[in-house]
Structure formats: structure tokens, C-alpha cells
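Going down the list, the protein sequences come from chains B, C and X. Using numbering that gives the first Met the number 0, the letters of the first sequence correspond one by one to residues 0 to 394. Using numbering that gives the first Met the number 0, the letters of the second sequence correspond one by one to residues 0 to 456. Using numbering that gives the first Met the number 0, the letters of the third sequence correspond one by one to residues 0 to 172.
It is worth saying that the hints were derived from the structure and are not from the lab. Quick caveat, the model's predicted, so the values are computed rather than measured. One thing to keep in mind: the hints can contain errors.
Stated by the list, open to error - Below, a list of computed lysine to any residue pairs in the SDA-like style, where the Cα atoms sit at most 20 Å apart:
| id | chain 1 | residue 1 | chain 2 | residue 2 |
| --- | --- | --- | --- | --- |
| 1 | C | Lys1 | B | Lys6 |
| 2 | C | Lys1 | B | Arg133 |
| 3 | B | Lys6 | C | Leu380 |
| 4 | B | Lys99 | C | Leu380 |
| 5 | B | Lys29 | C | Tyr10 |
| 6 | B | Lys6 | C | Ala418 |
| 7 | B | Lys99 | C | Gly4 |
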Amino acid sequence: MAIHRGKGLATVEYPTGMNQNGDPSQAWIKVKPDGRVDVFSGTADIGNGSKTIQSQIVAETIGVPYDWVTYDNSNTDSSPMCTGTFASRATFVAGNAVLKAARQVRERILAVASRELEIDPADLEVADGAVSVRGTPAKSMGVDEVAGAATFVHGELLTGDGAHLNPGAAIVDPETGEVDRPPHAAISYAACSAAVEVDDETGDVHVLELTHVYDIGRAMNPTLVEGQIEGGAVMGLGFGVLENCYPYYPSAEHRGGDMSTYHVPTMAELPEIRNVLMENPSSGGPYGAKGIGEMANNAQPAAIANAIHDAVGVWVTEFPITPERVLAALDAKREGRGEPRREGRVVAFDEEMSINRFSSTITWGPDVAPPMCALRPAGGPSPASQDPFTGRLNQ
Amino acid sequence: MKVVGARLPRYDGVGHVTGRTTYVDDVRMPGMLHAAALRSPHHHARITGLDVSAAEAMTGVHAVITHADVPLLVYGHLSGAGIPGDEPLLAKDHVRYRGQPVALVAADTVEAARAACAAIEVGYEELPALFDVRLAFEDDAPVVNDTFGNWYNQYEGNLDVRQIRKGDTEAAFDAADLVVSGVYRTQSQEQAPLETQVCVAVPEPDGRLTVHTCTQAMYFSLGVVCSHLQMPMSEIKMVGGTVGGGFGGKVDTASDSLTALAAQKSGRPVKWRWTREEEMLASGNRGPWHMEIIDAVSRDGWILGRKMLTIHDAGAYGRFSVYGLTKHSFHHTGAYSIPNLHFDGYVVFTNRIPTTAMRGYGVTGLSTAIELHAERVARELGMDPYEFRLKNANRVNDTSPNRIAYEDPSTVEVLQSLASATGAELSDELRTMTRDQRTGDMLPEHLTAQVGSGGGH
Amino acid sequence: MDLTVNSVARTVQSPPLASLLTVLREELDITSPKAGCESGSCGACTVLIDGEPRRSCLTAVCAVDGAEVTTVEGLGTPEDLSRVQQAFIHHYAAQCGFCTDGLVVAATAYVSAGGSADTAAISDALAGHYCRCTGYVKIIEAVAAVARGDEFDIAATASSANNTYVTIAGAGS
Chain B
0 MAIHRGKGLA TVEYPTGMNQ NGDPSQAWIK VKPDGRVDVF SGTADIGNGS KTIQSQIVAE
60 TIGVPYDWVT YDNSNTDSSP MCTGTFASRA TFVAGNAVLK AARQVRERIL AVASRELEID
120 PADLEVADGA VSVRGTPAKS MGVDEVAGAA TFVHGELLTG DGAHLNPGAA IVDPETGEVD
180 RPPHAAISYA ACSAAVEVDD ETGDVHVLEL THVYDIGRAM NPTLVEGQIE GGAVMGLGFG
240 VLENCYPYYP SAEHRGGDMS TYHVPTMAEL PEIRNVLMEN PSSGGPYGAK GIGEMANNAQ
300 PAAIANAIHD AVGVWVTEFP ITPERVLAAL DAKREGRGEP RREGRVVAFD EEMSINRFSS
360 TITWGPDVAP PMCALRPAGG PSPASQDPFT GRLNQ
Chain C
0 MKVVGARLPR YDGVGHVTGR TTYVDDVRMP GMLHAAALRS PHHHARITGL DVSAAEAMTG
60 VHAVITHADV PLLVYGHLSG AGIPGDEPLL AKDHVRYRGQ PVALVAADTV EAARAACAAI
120 EVGYEELPAL FDVRLAFEDD APVVNDTFGN WYNQYEGNLD VRQIRKGDTE AAFDAADLVV
180 SGVYRTQSQE QAPLETQVCV AVPEPDGRLT VHTCTQAMYF SLGVVCSHLQ MPMSEIKMVG
240 GTVGGGFGGK VDTASDSLTA LAAQKSGRPV KWRWTREEEM LASGNRGPWH MEIIDAVSRD
300 GWILGRKMLT IHDAGAYGRF SVYGLTKHSF HHTGAYSIPN LHFDGYVVFT NRIPTTAMRG
360 YGVTGLSTAI ELHAERVARE LGMDPYEFRL KNANRVNDTS PNRIAYEDPS TVEVLQSLAS
420 ATGAELSDEL RTMTRDQRTG DMLPEHLTAQ VGSGGGH
Chain X
0 MDLTVNSVAR TVQSPPLASL LTVLREELDI TSPKAGCESG SCGACTVLID GEPRRSCLTA
60 VCAVDGAEVT TVEGLGTPED LSRVQQAFIH HYAAQCGFCT DGLVVAATAY VSAGGSADTA
120 AISDALAGHY CRCTGYVKII EAVAAVARGD EFDIAATASS ANNTYVTIAG AGS
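Using the sequences and the hints given, assemble the complete structure.
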């Protein structure tokens, strides 16, 4: 009996945004008479940091300090429509809405400043809360002065509105799955390497290290994206080895009703986490951003499973990877049941497969899979006399 | 650029560390009532009687809400996307999962509300329950879902399966040197945000309702509440945007509509905060996925084709499961380019809590299955795991299962970087690979039709 | 019952077996201790009782008659943040913020007792606090930084040695 070490790898990809209803987000911005900027967006901040990121986008785009920006997502009376904070869309999709609104505000600031300075707007720029003449930085006026002039001299309100929409939801061809347009806003890519220790006596898996590389598009705020990645890593760790709503699935019994009986990872389980953040700007995201919040828990479970195989030579393919499952796999291996069936070109890790029962438009040859059953008519009942997973006839 | 890219602190950080951030449970209203739900004790039963008169007569009880109080009882979260509604806000004729809400009581205290719930008389005739997706297709299986039966049957063209067909899978399997099959099962996971679901609904003097919500999606939830209550968006003001964690579990906040109804009926502000046990045992979680993969592989390590079957255990009602399965189908090749595909996916209903979104929705289990399978195939081939993945990685302009050309895939660079970060040795050939559009050795005959014409993401 | 809450003498009327959490939140309107589980398993309701971190949800108010109770409101204000609060901002140890109040309280007790900057020691002290957002990395960094005696700039956040940045060659079109 011993402790074995192993390393495993997993590579993932994941979409930003979604395809339902065009995935809209809207925002609007107004400027107070002293140049301070009020952003109204409907994006809930669930801890992901969208208040911060969207405020950064607005400050950058208008050209005012970050602390001039006030962000209000508090209610649906004052904030326009945002589909919501999910599908990794708050930075990319909702961020594009505030970006477009901020561009309009900037244009209007330039238009008023142009009249005040009697200079073509094309020759003006906004930065750090001041409008200045390109090449002649001495000639400038503050955005606060521009806003004051708009309010008290020109009788104007400096506002902007913006909306992001994928025009028309993606239409899916029911036969082939082909879509008429991208059902996402971007795709991001990542990989994880896990290092584990496996105790072959107890079945305990100790995850020592998780190393990740994420294509983040653009680090809008590096600290915040690190927070998403680290939080996702631990959620992926929980999925990999700890968490299960139905410990005896498919039974619905023996569920855990709080943190002492449903095992969310704690600091005690925290592995060493190292990340490489790769900038690969997207073409359509604000400042090249992609959304990576969700994919951050997708790579760890398989990386851990593959590391366990590297350590002790068994595949655990049912999650989470509990000590019981590791021990069962080790027992199977000791008893000579650990290897797949290898016959000719066929390598079958699992004999009990229902895949052949559910569709049979393809013939596979006798060496690949059990004989096909008839294609079940759409919406109709399946042949009751067959085991759904093996396709075998039940007696 | 100075603001974008800067390590600025959280906009709301000072509030968070000083206890000043106001979450929904911190909202206090004069005269506020507290709510508690009566939930189904059975996994599956017919409701034979429902009598709330004793509860209504109890001291301190101001409103009891049942199915009869809900203007639009049956609604679906994807109704806007053309997917029929299937879930009653409160159970009427049947309960389809243990924990399903049957009634809501608003009373002076939580204790009084719970006592009133206990006084509600419900007659149940227990029915056999279905938990095993493998049995859902049997003729004698209990019927779980009134609208769809035991599996969703209204994909485009009324198909009961979400399918992907690409290339010539049969030819790919004929040509394969190796055919590797495996089954992967991932579990149900609870989002477990530290803040449980909570809502405070306030009837306003002008007839409007203010709904303080912990939703992740204020406008989505506004639409849901307006639908259940059959009110225009102008009559309801959702207040929120500050959420104590969500992870997908607070997109379909079941608390908002019921609390709003209780406020409307009682004429008083009502708070309904779920206990941790309710959050764990009665709120939507990540659904289990059953995935079977068969890959056709060449001796030199190309994945020529894939056949896959997915059965998603959606729980008792549809919620977002059709969306999740569709997304799953679109991504079932993972980070690889596989030219010949045959995918079938089913959303199957069981008598457990309806599953819902969770971080990585539709894909977390899929990535797990794909990457375990990739590792198995690489080992069967005797190939280095990095080499196998780098060889099959998607390149610029390759097409995805749904025929979108990848615009900026970085799988190659990501893997090279990971190898470098972990000290894994790569050959010169692997170290200098690029994601560029396929040419030469990277464009073998079987991938020529795989290269798209641009215009994707 | 009489107790001192955040240095202010309070008399409470709640029943003696009411939880301190309920008394603080519902009678005294001190809302920083959060009802994350009300069964002692999550840590979000942690307060200091005579300087010791305790779960207020498991503490009957009669048991703290005469005691000194400190919540995060009593540790620092937005204008005058404690070092632990500054560290939590600077090291981005709070995301959704719901577990934060309990963690700031517990971390304050840890460093006040002379706790070290050692990861294992911090983890031992704080492992009973669940956080679902951060993955704990930056919480541990924040507490370690306080234990080390760091100074904090709360207008910026810290870079971490565990994270490195690269750009794809040829990207950025």
C-alpha cells in the first residue's frame, strides 16, 4: 500500500454569450453638470465584478478618471434591458452596450467642446477628464467645464445609449445541427494540468497542483480575471472529487442539506494554483475581451481523472471521483477487469452502451458495436423489450 | 489605455469589507411579513385535495397562496424562445418532485408562517417515481412531465432529439484503424452560493409592486414575474443587482413571483428567505449527464469521426435544459477538429428537482467526458497526450460541429504554454506548431472539407 | 439582557434562546452577520465574543449576557478601514461579499492573536469559512499580508506571483 503521484491534462473551449433571443443588453449614460458620469446598466453583479469592469470600460472610452464614474444597476425602472449575468456575457455583451453608450457620450462632449473652443471636433481628444487639442495640449478645457457649458450655456444634456444584439437568434437545422449564424459572441480556450496523490489503500485523492492557461482575450482588470480563474478552479475541484447532490444517484435519497453534508471545498482542500493568462483579443469584444467566468471550472475534473490514471492506472469515469470509486477501480484492476476489451481495431472501455439503441441510421460493422435496432420514430415510444443501455432484449 | 487593463479595486469593495453592502435579506420594510413554503414530501404524487382554510384562520397569517391565486400558473423559462411552458408555479394536480412548492404562507413571523404551512391539508396519492434516465424510455415508465412526456420532443420540426450530422461518419468508421468507445457520467452539483434565495416584495400605493430580488438576471426575472402575475413591465419594479453569489442558480429565481403574489394578496411587504436546506434540497442544481463517445481514429493519431449519445437528466421540468443540451451538442468535439460527426442528445425528465444553469452550463460534464476519452485514445495509440491534443487541435477557419468557422482558436498556443509552465517536454515540431489555417501536413485529405470560409467567431 | 455591541451598551428584549444572529440582525439591525446556513456550517455569521470568533447562529443570546460582541461594523468604517479590511480590498479577497464579513472578523481574530503568514496556519484557522467565489487564494494572501505587517494601497489591487501573462504572437488584430 502506497501513495502514488500522477499528472493529468485537459483542454477545453467555451463560448461567450448565447443564442437565445439575440442575447440583448442595453445601457445608457448621463453626465452631471460637473462632468461626473452616471452609468445605468441592468447587469447584476453576482460577485463577478461587472460593476467594476463596466465602469472601467466607460471611464476609458469617454476619457475620464475611473472615480468619476457612478454605476447604477439597482433597478429596472432606471436601467435598460440586460438579459442577465450568465453565459459569460457580462463583460463582452453587456460591456459592449456600455462601450457604445460611452462612445456617444464622448462624441457629444467633443461636439460641445468644439463649440466652446471653436475647433473642429476631429482635432480634439478626451483624456483624464480634459478635452484638448491634438498636438496643442495647452489648449484644453475640462470635461467638467464642457458639462457645465452643455447644461448652462447650450441647454443640452450629455447622454449616450448603447445596445448589443446578435441580430436574430441562431436558427438550428434540425437534421444536421448547422446554424445560420454564430450562436455565441466569441469562443475562449483553456487547458489545465493537475498533479495528484492517490492513496491506493484508502482511495483518497489529494489534488496537489492545478496549473492553468486561459485565453482571456484581454485582461480588462487582471486581478478580477485571476479571481474568476481561481474561484473556478476550486469549483472544478469540487466537481472533480467532492460534490454530489445525489450521492447514490440515481437514487434521490441521502442528499446533503447543508455544508456539513454537501462537500463544498474549503481552504483545507486548496491545491497550489498557478495560472498563465494569455491575451488573444477577440474581434468583437470591448477592448478585445472574452468571457471566461464559466469555463473556469470545466478543465479540472478531467485533468484530475487523467492524473489519477497516471498515478495508479485506473480510469474513474463517474463523477465525483470519490475514494469508493477509486477503490472499486483499483479492485477491478487487481482482479484483471481493469482493461478495455480489445478485439481487432475495437477498444471498448464500456460494454454497456445504449448508443446503438437510440439511433441506427449508420451501420457500423459487426466488430464495432452490437447489432442495431430499428430507428425509433420521433416522439414515439422506444421498443420496451430492450435494455436501454445495452440494446439487449429483456426477458 | 490606462483604465482598462488596470488593477483597480472592486467598485463595491469598501461596502463588502465593512458590512455596508445591502443584500436582499438586509432590506427592512415597516410592517413586513415573512413567508414560508409548503413543499411536496413526495417525489411523485397526485394531489387529491388541498384545504388551506385552517391555515388562513390562524392568528398572524395574512395570506395563503395556492395554484388558484396564480394568474398564469404554467410558464416556461424559455417561452420567449418558442419552447412551451411546462412548470406550474405552485403544484395543482400533481407534484413531480420532492420539495416542489404547493403553497406559500405570509405571516407576521417565519414561525407563524411555518406553523400555518403545517396546518394546510393536502391529500396525496403517491405515484411511482422515475429516477433512472435509462428507464425513462420504457413503455411502462411513470410519466413525469405533462407537457413533453418523459423526454423533450419539440426541437425544430418536432424532433425529440437534438442531433448533429456532419460529414460521412460511416466512411470515417470504415477507414478507422482504431475504434474507441467509452461511457462517462457526471453528477448533479449544487451552486451553493453563500446567499440563499431571498425576495422582498412591496405593494406600492399606486398599485405597482417593487420586488427586491437576488436574481442574476433582473430583466429576465422581470419577464418571469410579469408573466406569472400577468402584469405589464411598467407595473413591476425589480430592485437588485447586488447578489451574494449565483453561479447559475439564481437565473430562474423561483422566489420572486410567489413573494410578489403574497405581497399583492396581503397588501403588505413580504420577505421570503429560503433556508440553506431549501436552497440545497429544493432549488435547481446542475443536472447529471450521461455521455457515450465512440471515436474513429487513425493509426497516426487523427480523430476521423465521432459518434456520441448524450442523455441529460433534466429533473421534473424543462427550465433551461433544452438550451443546455443544444449548447452541449454545438461543443461536443471540444477543442478538436473532427470532420465526421453523428451526435444524438436527449433531455430526459425524472422526478427530481428541475435542474438549471450552473457555471459551464451544458459543457462542464461534456469537457470532462471528452478529455477523459481523449486521454484514453492517446494512451491506446501510445501517443503523448500533448502530441495527440496538439495534432487534433482546432485551427483558424476550421468549422465547429454547427459549421461556424473558428476565428481565433488558441488551443495550440494554450497547450504549448501549459507544457512550458509545467515542464512537459515538447518536440521541436510541437513547440513550433501554430494555430494558422491548415496547410501541408496539417491539412490531410480527411480535413479538407473541414476548413471553412471565414465569418465565424 | 445587556451586552456591548461594537462598543455600545445595548439591552435586548428577544427571548433568551434566540440566536445572537437573529438578535443582531432583527432586533438591533446590525446586518453584517449573514444567515448563510443557520446551522454553524458556513461561517458567514461569525462575530467576536470577548475577542473570540464565534458562530452567532449557534449562540443563544442569553449565553452572551454581559459580553462584548464585535461585528465587522465595529472593526472599521469606510473612512477608517482596519488593516484586515484594507488587505481584503487590496488583495481582492471579496467577490460577492456575502462570506466576507464573517471572514474579516475571523481573520482579525487570527492576526490579533499573533497568527503567522504561513498558508497552512491560516488555512487551519479559517477552513470553517466557506467562500464559493474566490477559491480562497486571495483570501489567504490578504491574511498573510496582514500577518506580515504589509501596508496596503486600497486604490489598487495586488498582482500575484501565481499568475503570469503572455500574449499570443500575431494576436491583436
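Hint check:
{"no.": "1", "hint": "Lys1(C) / Lys6(B)", "in the structure": "violated (40 Å)"}
{"no.": "2", "hint": "Lys1(C) / Arg133(B)", "in the structure": "holds (19 Å)"}
{"no.": "3", "hint": "Lys6(B) / Leu380(C)", "in the structure": "holds (19 Å)"}
{"no.": "4", "hint": "Lys99(B) / Leu380(C)", "in the structure": "violated (51 Å)"}
{"no.": "5", "hint": "Lys29(B) / Tyr10(C)", "in the structure": "holds (19 Å)"}
{"no.": "6", "hint": "Lys6(B) / Ala418(C)", "in the structure": "holds (12 Å)"}
{"no.": "7", "hint": "Lys99(B) / Gly4(C)", "in the structure": "holds (19 Å)"}
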